[in-house]
Amino acid sequence: MNFIHICFSFKGRINRTTWWMMQLLTLPILLIASVITYNAYTALAMPILITSVYLIPIALILALIWVSLAVTTKRLHDRDKQAWWLLIYFIPVIALFELGFMKGTRGNNRFGPDSETSSETVIEMLIRLCGVSAIVFVFGIFFFVFREGAGFLFGGLNLGQFLTSPEWYPTSLSNKRYGTLALILGTFSVTALAMCIAVPFGLGAAIFVSEFCSPKLRETFKVIIELLAAIPSVVWGFIGLTLMNQLIIAVFNAPIGLTMLNGGIMLALMSVPIIVSIAEDALKAVPDSYREAAEALGATRWQVVYRVLLPAAKNGLLAAVLLGAARSIGETMAVLMATGHSVNIPSGPLSWIRTLTATIAAELGEVARGDEHYQVLFIIGILLFTITFIVNLIADLVIKGIRQQ
Amino acid sequence: MRKNGLIDYTTICALVVLAFSFVIIGCSPKDGESVAASKATAQVIKNKGSDTMVNLAQAWAERYTGITSTASVEVSGGGSGTGVAALINGTVDIANCSRQIKPKELEQATQNTGKVPQEFIVGYDALAVYVHHDTPIDKITIPQLAEIYGEDGTTTKWSDLGITHTDCPSDRIIRISRQSNSGTYFYFREALLGKTRDFELGSLDLHGSKDVVEVIGRTPCAIGYSGMGYATSHVKMLEVATAPGEPYYAPNLENVLAKTYPIARPLYMYSLGEPTGEVKAYLDWILSAEGQKIVEKLGFVPLESD
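The listed protein sequences derive, respectively, from chains A and B. At the far end of the first sequence sits residue 1495, using the numbering used here, and the numbering has no gaps. At the far end of the second sequence sits residue 563, using the numbering used here, and the numbering has no gaps.
Note that these hints are calculated values from the structure, not bench results. One or more of the hints may lead you astray.
When the alpha-carbon atoms are kept at most 30 angstroms apart in a straight line, the in silico DSBU-like pairs for lysine-lysine are as follows [what the hints assert, rightly or not]:
| id | chain 1 | residue 1 | chain 2 | residue 2 |
| --- | --- | --- | --- | --- |
| 1 | B | Lys414 | B | Lys493 |
| 2 | B | Lys493 | B | Lys452 |
| 3 | B | Lys359 | B | Lys537 |
| 4 | B | Lys303 | B | Lys359 |
| 5 | B | Lys396 | B | Lys452 |
| 6 | A | Lys1266 | B | Lys467 |
| 7 | A | Lys1374 | A | Lys1312 |
| 8 | B | Lys493 | B | Lys361 |
| 9 | B | Lys467 | B | Lys359 |
| 10 | A | Lys1266 | B | Lys493 |
| 11 | A | Lys1266 | B | Lys452 |
| 12 | B | Lys359 | A | Lys1266 |
| 13 | A | Lys1266 | B | Lys361 |
| 14 | B | Lys361 | B | Lys372 |
| 15 | B | Lys516 | B | Lys452 |
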């Protein structure tokens, strides 16, 4: 029985699971179509309604009524009942029991063969929809971000200045300038610094947890590391703003502690848990026979790690590092509070900087919708999208390259 | 076996937490209901906008709810721009604004809601220039501030101002500012530099009036601006003169009321159309002597009583 048959035919039988799955599929569509039609009906006069594109949801609703009748009829057939039993719909609770919970007759009946396997197609369809939805969401988000910024991106924005000028004056009265070079460099420098701190610590901790520590210690360790991941980013930001600020002033004799170093440390602390848990999984996935073979050849434990495990797990380890980096690039609140939020070409770990994400967060709340400044903030969103896309693409290519060797 | 035990233990913990959260969720709507029931007849006045004014608006709302039973006031912050945006969308009754509404926004609001926003000045705010309390400086002039903050300004070190700042070994002036579209930023820029010059980049643009004072209190090298109501014992407010040779004035009530302190601005509330009913009663109360007493209590400057 194929999917079209399940949806539209009044012949044959379907089982309980299929009936439930079909409800799951049709109800959301019915709901959305109804809301659209209702809004159209209340907002517009009737003649306009009939000639407009709002005919589409109405047609959809009619089609869904057909589907619903067809599906329920087949379910009734499964219970060895004729289609006039559809009237059971008017008895609320009993209808649900009859259609949704009662098992069909065993073996063949007058309407067709046993329905035990009829749910396969529908479940397959649902799973396929879940897979497609991820793609739909990504493109949907990209579309909406792009739509908000597109007007100014193609009409008026000086793209050269946008990418190469450090002058960010979005609210100037006399001379508006939208240069994001300082923000781009800020994002990259603080991420790089965070990775310099997080990668050695994260990979080191992963190697220790997976290879060197006792099972009892390992469980405690993992719980504590996961606890680190549970701290909200605004709390990290607050620690940066108060505690780390004074610490950096005291230790480095800096004029102010809200610096790239401060933000980098906060980001490192936030991405270490991700790096540790993924890297540990990658190391765990290396078969024990590798370790045993290496040890049988007389390798020390460190040699096993360095010569056997790391090369064997390098795809997973790379994924761990890249996911940690992605976390750092995308982080907003902590860097907004800890880095000083200052438009500045970074000149060292103790300079104060500003990132792309923090700029959007700080300024989007107070711009007039549809304004040039508003659109530029969305163009920054597109820029961030592009950066992550490139990072992911490079990661994919690198991993593929490693695999082919 | 040991591992299984651990899993069971975590599962039980999770279930207990879950159960408790259900109890809490189960309770809270009931509390909400009882509050709602006692206020069943009260009209809700929605009030949103300026971060500078949020404490003040909150204090008004609390006091007002105590003296009237026919209305309750909901206050939220987010910034002047956020308040005006909500006004344009017609989702608030009153927008708080620490700057005047822009002509474009006025037009948008009129177009969108069919009502012309009405302006009320509800108090004044003196923007104080703050430094760390160990900084050996008490007075500053507007041109000096302009050279510190303005684009291509010539003053970057404390020694440029003629002082030796021993607690700040780098001698560098750390400029604290606000995010570039806050009402406070707009007002301070115009007061210092007029409409044609911009701030020099590289200042630390913090995200709230309170954060500015907080950071300056921890940073000996810093200078910054914020409402005078936010002063703490860790910071010092400077006396300001309009030009060298002119008299210096401290940011306090008398000087602002006498209009001698140079960096003071009015605080606005905007209603959609001519206010009526509860909204009108609330605005009238704010402008009354009782409402203005709260303005003074929170460190802002009340309207002159005439």
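How the hints compare with the structure:
1. Proposed proximity of B/Lys414 and B/Lys493 is supported: the alpha carbons are some 19 angstroms apart, at most 30 angstroms.
2. As the CA atoms of B/Lys493 and B/Lys452 are separated by approximately 28 angstroms, the hinted pair is consistent with the 30 angstroms bound.
3. Using a Cα cut-off of 30 angstroms, the hinted pair B/Lys359 and B/Lys537 holds, with the two alpha carbons roughly 23 angstroms apart.
4. Taking the CA atoms of B/Lys303 and B/Lys359, the gap is near 21 angstroms; set against the 30 angstroms cutoff, the hint holds.
5. Restraint check: the Cα-Cα separation between B/Lys396 and B/Lys452 comes to about 25 angstroms, which is no more than 30 angstroms; the hinted pair holds.
6. Among the hinted pairs, A/Lys1266 with B/Lys467 is consistent with the structure: their alpha-carbon atoms are about 28 angstroms apart, no more than 30 angstroms.
7. Distance hint between A/Lys1374 and A/Lys1312 is fulfilled; the C-alpha atoms sit about 14 angstroms from each other, no more than 30 angstroms.
8. Restraint check for B/Lys493 and B/Lys361: not satisfied, since their Cα atoms lie roughly 38 angstroms apart, outside the 30 angstroms limit.
9. About 25 angstroms separates the Cα atoms of B/Lys467 and B/Lys359, which keeps this hinted pair within 30 angstroms; it holds.
10. With a C-alpha separation of about 34 angstroms, the suggested pairing of A/Lys1266 with B/Lys493 is violated against the 30 angstroms cut-off.
11. With a CA separation close to 12 angstroms, the supplied pair A/Lys1266 and B/Lys452 stays within the 30 angstroms bound.
12. A distance of roughly 17 angstroms separates the Cα atoms of B/Lys359 and A/Lys1266; the hinted pair therefore holds under the 30 angstroms criterion.
13. Under the criterion of a C-alpha separation no larger than 30 angstroms, the hint pairing A/Lys1266 with B/Lys361 is consistent with the structure, at around 17 angstroms.
14. The straight-line distance between the Cα atoms of B/Lys361 and B/Lys372 is roughly 15 angstroms, inside the 30 angstroms bound, and the hint therefore holds.
15. Between B/Lys516 and B/Lys452 the CA atoms are separated by roughly 22 angstroms; this keeps the pair inside 30 angstroms, and the hint holds.
In the structure shown, a violation is registered for the earlier hints numbered 8 and 10, in ascending order.
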